[in-house]
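A.B. asks: Starting from the known structure of chain A, arrange chain B on it as the hints suggest.
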Amino acid sequence: MPYTYTKNIEKSPRIQRLIDHLYAKMPEIEADRAVLITESYKATEGQPIVLRRALAFAHILENLPITIRPEELIVGSNSKAPRGCQVFPEYSYEWLEAEFDTVATRSADPFYISEETKAKLREVYPYWKGKTTSELATSYMSPEALAAIEHNIFTVGNYFYNGIGHFTVDYGKVLAVGYKGIIAEANEALNSLDVADADYASRSAFLQAVIISCDAVINYADRYATLAKQMAAAEADANRREELLKIAANCARVPRYGAESFYEACQSFWFIQMLLQVESSGHSISPGRFDQYMNPYFEKDLAAGKITREFAQELVDCIWVKLNDLNKVRDAASAEGFAGYSLFQNLIAGGQDKYGNDATNDVSFMCINATLHVMLPMPSFSVRVWNGSPHEFLLRAAEVTRTGVGLPAYYNDEVIIPSLMSRGVTLEDARNYNIIGCVEPQAPAKTDGWHDAAFFNMCRPLELVFSNGVDKGVQVGLRTGELQEFTTFEKFYDAYKAQMNYFIKLLVNADNAIDMAHARRCPLPYQSCMIEDCIGRGKSLQEGGAVYNFTGPQGFGIANMTDALMAVKTLVYDKKVLKLCELKEALDNNFGLDMDSATAERLTKTVAQKLVADGKTLTEEDIKSIYFAVSKNSASDDDKKRYGEILEMIQELPKYGNDNPEIDAFARDVAYTYTRPLENYKNPRGGMFQAGLYPVSANVPLGAQTGATPDGRAAYTPIADGVGPAAGRDIKGPTAAANSVAKLDHLIASNGTLFNMKFHPSALAGQSGLESFVALVRGFFDQKGMHMQFNVVSRETLRDAQKNPEKYKSLVVRVAGYSALFTTLSRSLQDDIISRTEQGGF
Amino acid sequence: MLDNLSVRGRIFDIQRFSTHDGPGIRTIVFLKGCALRCRWCCNPESQSYEIETMMQNGKPKIMGKDVRVEEVLREVLQDRPYYNRSGGGITLSGGESLLQPDFAVALLKACKENGINTAIETTGFANADVIKRFLPYLDTVLMDIKHINSDKHKEFTTQPNERILENAKLIAETAKKLIVRVPVIPTFNDTVAEIAEIAAFAAELPNVNEIHLLPYHNMGRDKYTGLGREYGMGDIKSPTNELMQVLKQTAEQFGLKVQIGG
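In order, the protein sequence lines correspond to chains A and B.
Letter 64 of the first sequence, counting from 1, is numbered 102 in our numbering, and no numbers are missing.
Letter 221 of the second sequence, counting from 1, is numbered 331 in our numbering, and no numbers are missing.
Just chain A, with the same shape it has in the complex (with noise of 0.2 Å):
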């Protein structure tokens, strides 16, 4: 009788108690770990950088400071304030420094930081100067490159200021042999070297700071293992006494050893995810199938009547409450394009076995029941879908997606494991595969896939093919010609592909820049040891030593170019009733229309920060004169009007997302613009690049940085986000919306695709609601989509939540791939959420 007994287990009182802990304040930066990083780096300079690495880690974890929160159960925090952050000068740091008096106040992501800890920040951030992945990344790109970033045309912020991240390790392997079986693994790979080997100076250093980082996460459990018996003897709760023995006793023996409970599992899972977010600043550190290497421990306590389910569920929620718990402070740019607070940190539960039989098993409802208990942004959870998913486990997942909490993702195995073999990954790795971050799948523990490379604003090289290359004076694209040249569509369309084809050529410039600086300069030993084939290869994920390497930058902006290039098609060539020149004066005038007042507060705020950092002082008077020049629009009456008329014409044209055949063919094809041609390229690791088409939230501020576009989307404003119709243009319900999405090539998007969906409560209620959304699931999928996701809330109450935050602090909603806290996000963002389409009729 499968499932049965753990489909729905009653929440502990602990847990709220644990969620209340965590969100009582503002999160806080830390400065612990950039001191005792720069004092590391001070005392090996010379030494092999992967081995500075190693003793760097060491170094920190044998003096962070610890803590165990009130009630835990599940120990380990890498912050002393709930929901704090360290920070991590080796990758970048000027941004932070620039933005000490900013960051407590700034409207995504906020961070408190004390003046002690600026203080400390202070001193040692003029170490780092020269010394960052960044700065060496920087160097290493082309100027084009370079210029191409300055235009907003791609950007590859994330993996230039921070770590990589974006990735699954061996969880499982850990949980089994311990961080001993894996010293001896290296330590065995060291001594089967022979030091006249060509590779022997490079390999035995990485094999000893595999064994350095090991050692030193043994003496951090050990530490904890300290602190808690300490506690316990001063502890006069004789309950909250045996709940910190048993802490200590798990800790003094995982990770050190292999696990022999389902707690002490538990226990060691989190060591392992948040020690990974110790050594680099990296997000995505996704648990992946956290059901399949869990479950083994479960059962068997089980059955030897070890534990109870009820027990077995409260520590799940423990984790998940934990992984919360970690947080990461970005600068302010990327902050809008990542918002939320979010890790990424991707939990799936469900799928198919490495043999191909259905996996789903008692720990993948207890996920599900987690999601439910806890209510939290992390983990990202997912769920995979097969022809062969059981129809209860779906039932129970549309439960939680009907909460409103954005959770689960919903993925397609039908498409995915092909889609990872035509890249080369095997059919057994491809069954196996999980979800990092947003949406992109991976083969587990054996894969560096640079998941999240760059964001590729789609809609830029259209503006550039209207201005013939150039952008605010500056020639930074191709001469594609005038427009008088393009006397035929194709013409027109050939110029895009060319400006496209170009641009991301200097993308990959740029990420592999960024690539090669961080095998340069931080090399992981502690994640590498964890992925296949790092020890076999000594070296580390970083220098090519994982079995697949990738790298996966987001396209965004189909629906918009769909619509634009469909709209010059059918005006322009077909119906021949406007001239290119007409469309290009209607655009640059934005249609004649005023700025939307969010927009024109956005600019004011741009231009006025420009202007004071140029030395000017501001009054409200001029502020105010700023604002009314950038939000009114200043043609004359008479081309507002053409302008409007034109605008009219594109309007009424049928647009992606209503199941258009012609029109979603023609998706297709533009989506091609960009998965075709970044196949080509290799990455200096050895592997290939392979595109996303997601924009996780940067459709919001890079669509602010990109002019109006023929579809008829105002200057601005925010662009389609992921795969799905553009806001507000599908009007034929979610099946014809879904249909649409189906039909473009989501295989050769391997690094993932993304489809929001918005849903009012009431359209998944009752049972017949809940069946009616697993069908819309599974009949999207059918037709060979690749991912699914939902937002469930009305928009009365997300507007309510814009006047009235205080009363929705837990109101979460989903943003891209991931579910992030509705008031934490910019104003901009929360607009965009609520525009988007709500589709009713369940």
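Source of the hints: derived by calculation from the structure; they are not laboratory data.
A couple of the hints might just be wrong.
A partial selection of chain A residues facing chain B, derived with a Cβ cut-off under 10 Å [as the list claims (entries may be wrong)]:
{"no.": "1", "residue": "E700"}
{"no.": "2", "residue": "A703"}
{"no.": "3", "residue": "Y710"}
{"no.": "4", "residue": "G766"}
{"no.": "5", "residue": "K770"}
{"no.": "6", "residue": "G771"}
{"no.": "7", "residue": "P772"}
{"no.": "8", "residue": "G804"}
{"no.": "9", "residue": "S806"}
{"no.": "10", "residue": "E809"}
{"no.": "11", "residue": "L814"}
{"no.": "12", "residue": "F818"}
This one's a predicted model, so the numbers in the text were calculated from it and none came from an experiment.
Where a beta carbon is used, it is the ideal one built from N, C-alpha and C, also for glycine.
C.D. replies: Chain B in isolation, oriented as in the chain A frame:
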């Protein structure tokens, strides 16, 4: 004889992803023209067979379009994956499909040939011979029984109910599945006694065990304004949840499975 797929009919809307008009996820095809004029009708643009102009959000919209079976079928087939996964299909609504039998039957036949589940929402107000043409191609009939008292029926719908009740028996005997639907309309039939009469009638019908009580709503109100017509229901409010629960229990006493809403 005309090719089945070329038969023409008049519709005013096709609504996809409907989940309240028959089992699963369905596409509803709304046919134009009806013999009844129910005071509460939320689709007044469905009533006249003539093509009309209705103002919607300040813009004129043409209501009514002549189409061939093939065009409708093509759109219906686009959601086949969702029908397969949910047990859904096509539902003919209106207006009244029984008034366009050539078109409606041709469309239903074409759907059955393509393996699509079929349903109809109907007043049941037509000649028995017409109804008999439909039944071989229908998986589910959703039929309104609005009132047992013919005079009151006529007062609120402009037609008496004798033929409807007769047809209900015919359909119940012959159709694969008949579900009785009752629009619960304040001032018309929202009392325990009136609902009990309808439930008693439904329970007597052979093979019928399910009844849907559909609470009145005024969402069609703006359409009357848009058509330049007067809304006959004034400010009447929807029945309360409490009342709906009482009526549900009333109907359940006749051994019927009762659902509130479609």
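A.B. asks: Look at each hint and say if it fits the structure.
C.D. replies: These are the hints, each one checked on the structure:
Contact between E700/A and chain B, as hinted, is not supported at the beta carbon level, the nearest pair being about 13 Å apart and thus beyond 10 Å. With a least beta-carbon distance of about 14 Å to chain B, the hint placing A703/A at the interface is violated under the 10 Å criterion. This hint is violated: Y710/A has a C-beta 23 Å from the nearest C-beta of chain B, more than the 10 Å allowed. With a cut of 10 Å, the hint placing G766/A at the interface with chain B is violated, because the nearest CB-to-CB distance is about 14 Å.
Annotation: K770/A was flagged as interfacial toward chain B, and the flag holds, the nearest CB pair being 6 Å apart, inside 10 Å. The criterion of a C-beta within 10 Å of any C-beta in chain B is met by G771/A, whose closest approach is roughly 4 Å, and the hint holds. The interface hint given for P772/A holds, since its Cβ lies 5 Å from the closest Cβ of chain B, which is under the 10 Å cut-off. With a least beta-carbon distance of about 9 Å to chain B, the hint placing G804/A at the interface is held under the 10 Å criterion.
For the restraint placing S806/A at the interface with chain B, the shortest Cβ-Cβ distance is roughly 7 Å, inside the 10 Å limit, so the hint holds. With a cut of 10 Å, the hint placing E809/A at the interface with chain B holds, because the nearest CB-to-CB distance is about 7 Å. Restraint check, L814/A versus chain B: the minimum CB separation of about 6 Å is within 10 Å; hint holds. Interface restraint check for F818/A: the shortest CB-CB distance to chain B comes to about 8 Å, inside 10 Å, so the restraint holds.
Consistency with the previously given hints fails for numbers 1, 2, 3 and 4, ordered from lowest to highest.
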